[in-house]
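Q: Keeping their order, the protein sequence lines are chains A and B.
Heads up, the final residue of the first sequence is numbered 305 in the working numbering, and it's a clean run with no missing numbers.
Heads up, the final residue of the second sequence is numbered 650 in the working numbering, and it's a clean run with no missing numbers.
None of these hints come from the bench; they were simulated from the model.
Heads up, the beta-carbon is just placed ideally off N, CA and C, and yes, glycines get one too.
Among the hints, erroneous ones may be present.
If the Cβ cut is set under 10 Å, some of the chain B residues that face chain A in the computed set are [said to hold, decoys possible]:
id, residue
1, Gly350
2, Tyr354
3, Asn356
4, Leu357
5, Phe383
6, Ser448
7, Ile455
8, Met462
9, Ala467
10, Leu507
11, Val533
12, Leu535
13, Leu590
14, Leu628
15, Leu633
If you anchor each label on the Cβ, the simulated ranges turn out as follows [what the hints assert, rightly or not]:
id, chain 1, residue 1, chain 2, residue 2, range
16, A, Thr190, B, Tyr473, 35 to 45 Å
17, B, Arg352, A, Asp90, 45 to 55 Å
18, B, Phe466, A, Val7, 51 to 61 Å
19, B, Arg327, A, Gly92, 25 to 35 Å
20, A, Asp90, B, Trp511, 35 to 45 Å
21, A, Leu67, B, Asn574, 33 to 43 Å
22, B, Leu345, A, Ile288, 47 to 57 Å
23, B, Phe466, A, Arg297, 49 to 59 Å
24, A, Gly92, B, Phe642, 12 to 22 Å
25, B, Met609, A, Pro119, 48 to 58 Å
26, A, Ser139, B, Trp612, 48 to 58 Å
27, A, Ile288, B, Ile504, 53 to 63 Å
28, B, Arg352, A, Leu67, 53 to 63 Å
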Amino acid sequence: MTVALIVEQILNGLQLGTMLFLMASGLTLVFGVMGLINLAHGSFYMAGAFVTATVTATTGNFWLGLLVGVLAAAAIGVIVEFVIMRRLYDRGHLDQVLATFALILIFSEGTYMIFGSSPLFLSVPQELRGSVSLPFDISYSRYRLAIIGMGVLVAIGLYLLISKTRLGMRIRAGENDREMIGALGVDIKTLYTLVFALGAGLAGLAGSTIGALQSVRVGMGEPVLIMAFVVIVIGGIGSIKGALVGALLVGLVDTLGRIFMPLTLVSFMPASQAMSIGSAVSSMLIYIMMATILAFRPHGLFGSK
Amino acid sequence: MTSLQNRFNPQALAAGLVPQSREHWINVLLVVGLVGAAMLAHFLGERFYVNLASRIAIIAMAAVGLNLALGFGGMVSFGHAAFFGLGGYVAGISAYHAFNMTPVLGIGFMPEGSTQMLSIWLVTLLVSGLLGLVIGKISLGTSGVYFIMITLAFAQMMYYFANSWPAYGGEDGLPIYLRNELPLVDTNHNLTFFFIAAILLLISLWLSQRLMGSRFGAALTMAHLNPVRLATAGIDPRPVKLMAFVISAMIAGLAGALYADLNRFVGTNMLSWHFSGELIVIVILGGVGRLYGPLAGAILFVLMETWLGGVTQYWQFWLGLVLLGVVLFARGGLMGFLAGRSKDV
C-alpha cells in the first residue's frame, strides 16, 4: 500500500464527493425552502448529460455543450416546477414521493423514446485530457482534478449567493418562514421557481461533467440520486453546510471503503473470502453510516428542528 | 346500530360490521372478481392469466402489509422491498440447499434447507419479523422525510449486499429449480398455486381487519393522528407503531417467499428501491388506509402494466402519466372513487 495509492483514492473520493455535493445542494435547497421531497432530481442530472452529449457531438465543442446542458436542465426544472411541483408544495410527503416517482418513469421512458436505448458517448475535452504530476510521484487525471476544482468554485459561489446577495437572503427567509416573507411582499412563486431551477441546473452540471467519465444512458441518475439522498439526510435536510460535509464524507467513505475494506480483510482471512465479504460490506458502508448517524442524531449532523 | 353510529365508529367499520356499506360490496366484488377471473382463465386453458392472477394476489398481499404501516400507522416506509426480497431469498436459499444437500449458509450445524413451503413460511415470518424489529426500532427514532430515507437506506443495504454476495448468485439471482411443496396439494399446478396465494392474501386481509378493529388498531390510528393524545391516555405510541411495523414486515416477507416460488426465481430486483416505490404506488392507487385498497391497487397496477406493456414498448411513460394524474387530481385512489370518501384515516 503506497502513499500514491492512498492519495489517489482520496482524490477519487473527493471527486465523487464534489459531484454528490452538486446533486445534494439542489435537493437540500428545494427541501429547505419549499418543503418538497423530489425523487426526480436524478432526471435533471440525466437530462443535462444527454443534452451536453448531443450538443457536443453536433458542434464538436464540449464547453458549448456543457453550457447548453446546464441551461437545458435548468429550463426543464422551470417547466416541471411550473406545471407540477407547485401543486405539491402543500401536500404531504407521501403525495410528493408518488408524484416525483411518476416523474422518474416519465423522464426515463421519455428519454428512451427520444434518444433510443443505446448509450451516448461524451469524451473529455482536449484541454483536460491526460494527467498532471503531483508531489510524491503521483500522476492524477487532469479532468477529475478539474471536477474537484469546479466543486470548490460552486461551493464558494453558493456560499456567496446564499449569504451575501438579496436572493440568498430571500432563500434563507423562505427556509425560516414561508408565510412571513410572502406577507412582506416577496414574490414567493418566482422565488420557488428560481430555487428549483438553480437546483436543476446544478444537477445538470453534475450529470454533464460525469457524462464524460461514464457513458450517458437512461437511469444514470438513479444511483447518484439515492447517494445524494444519503448525503442530505446525513448532513441534515435543508442545510447546505450539511450537504457539503455529507457529500465529502459519503464520497470518501464509499471510495476508500471499496479499496481498503478487502485489503484489510485479506490480512486475517483467505483472499477469495476477503474479496467477497469486503466488496459486499463496502457497498453497504454508506448506508450503514447513514443509519448509524440517524440512530444517534435523528435530524442529521447539521439539521435544524 | 343506526347508520349514523356506524359512520362515527371506525372500529365497527374496520371490523366489517356494517353490512350494507358500499365499500363492503366493492371488497367482496374485488375478491370474487379475482378468484373468478383465475378460474375462468384456467378453464379456458390460459395459463398466462392464471399466473397473472397469482401475481396480483401476491403483490396485493405485500401491499396489504405495507398498508398496515403506511395507511393505518402513517409510517411512509420506502423500504418494504427489503422484507419482500428477504422472504424471496429465504425460499430461494432453502430450496438451493435442499437441492444441493448442503447446510444453510454453509455453516456446519445448520439444516440442509427444505422444500416444504410450510417450514419456509415459518422461517420467513421469523426472519422478516426480526428484520422488521431491527429496522423499525432504529427508524422510528426519526420521523417525516428522515423516516422515508432511513427505511430506503436499509433496503439499499440489503440490495447491495445481495448484489455483491456471490454465494447466492449475486446480481444474477438464484433460480428455484422445482417449486417448493405443500403436503397433499400439487403446487406446480397453476390454479392450485393461485389458491394458495389467494388464501394467504385473504388471511392477511382478515388479520388486518381484526387488528384494525381491535384496541390495538384504535391505538395505532391515534398514534398516527395524534401521538400526544395517545400518550396522554397512558399508551406509549412507539411500541404500538413498532408492533404494526413488524407485522407489516412479516406479511410483506411472506408475500416475497410466495413470489419467489411463483417465478421459480429470486433476484435482486425484489430488493430494489423501484419495487418499494411500486408498493407505495399500489397502496396509494388503491386508496390509503382502506382495508381492500391494496387489492384494488394491485389489480389496477398489474393489469395496467400488462395491458400497456402489450400496447407500447414505453408503457412506463404512460404509467407515470396515470400516476401523476391520480396524485394531482384523484385523491383517495380507486377505493375512494368506487366506494366514496374514506373514513377519518
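Q: Would you mind marking each hint as holding or not holding in the structure?
A: Consistency of the hints with the structure:
no.: 1; hint: Gly350; in the structure: violated (34 Å)
no.: 2; hint: Tyr354; in the structure: violated (25 Å)
no.: 3; hint: Asn356; in the structure: violated (24 Å)
no.: 4; hint: Leu357; in the structure: violated (21 Å)
no.: 5; hint: Phe383; in the structure: holds (7 Å)
no.: 6; hint: Ser448; in the structure: holds (8 Å)
no.: 7; hint: Ile455; in the structure: holds (5 Å)
no.: 8; hint: Met462; in the structure: holds (4 Å)
no.: 9; hint: Ala467; in the structure: holds (9 Å)
no.: 10; hint: Leu507; in the structure: violated (27 Å)
no.: 11; hint: Val533; in the structure: violated (17 Å)
no.: 12; hint: Leu535; in the structure: violated (20 Å)
no.: 13; hint: Leu590; in the structure: holds (9 Å)
no.: 14; hint: Leu628; in the structure: holds (4 Å)
no.: 15; hint: Leu633; in the structure: holds (6 Å)
no.: 16; hint: A:Thr190 x B:Tyr473: 35 to 45 Å; in the structure: violated (53 Å)
no.: 17; hint: B:Arg352 x A:Asp90: 45 to 55 Å; in the structure: holds (48 Å)
no.: 18; hint: B:Phe466 x A:Val7: 51 to 61 Å; in the structure: violated (30 Å)
no.: 19; hint: B:Arg327 x A:Gly92: 25 to 35 Å; in the structure: holds (26 Å)
no.: 20; hint: A:Asp90 x B:Trp511: 35 to 45 Å; in the structure: holds (37 Å)
no.: 21; hint: A:Leu67 x B:Asn574: 33 to 43 Å; in the structure: holds (38 Å)
no.: 22; hint: B:Leu345 x A:Ile288: 47 to 57 Å; in the structure: holds (49 Å)
no.: 23; hint: B:Phe466 x A:Arg297: 49 to 59 Å; in the structure: violated (25 Å)
no.: 24; hint: A:Gly92 x B:Phe642: 12 to 22 Å; in the structure: holds (19 Å)
no.: 25; hint: B:Met609 x A:Pro119: 48 to 58 Å; in the structure: violated (29 Å)
no.: 26; hint: A:Ser139 x B:Trp612: 48 to 58 Å; in the structure: holds (56 Å)
no.: 27; hint: A:Ile288 x B:Ile504: 53 to 63 Å; in the structure: violated (39 Å)
no.: 28; hint: B:Arg352 x A:Leu67: 53 to 63 Å; in the structure: holds (56 Å)
The structure shown violates the earlier hints numbered 1, 2, 3, 4, 10, 11, 12, 16, 18, 23, 25 and 27.
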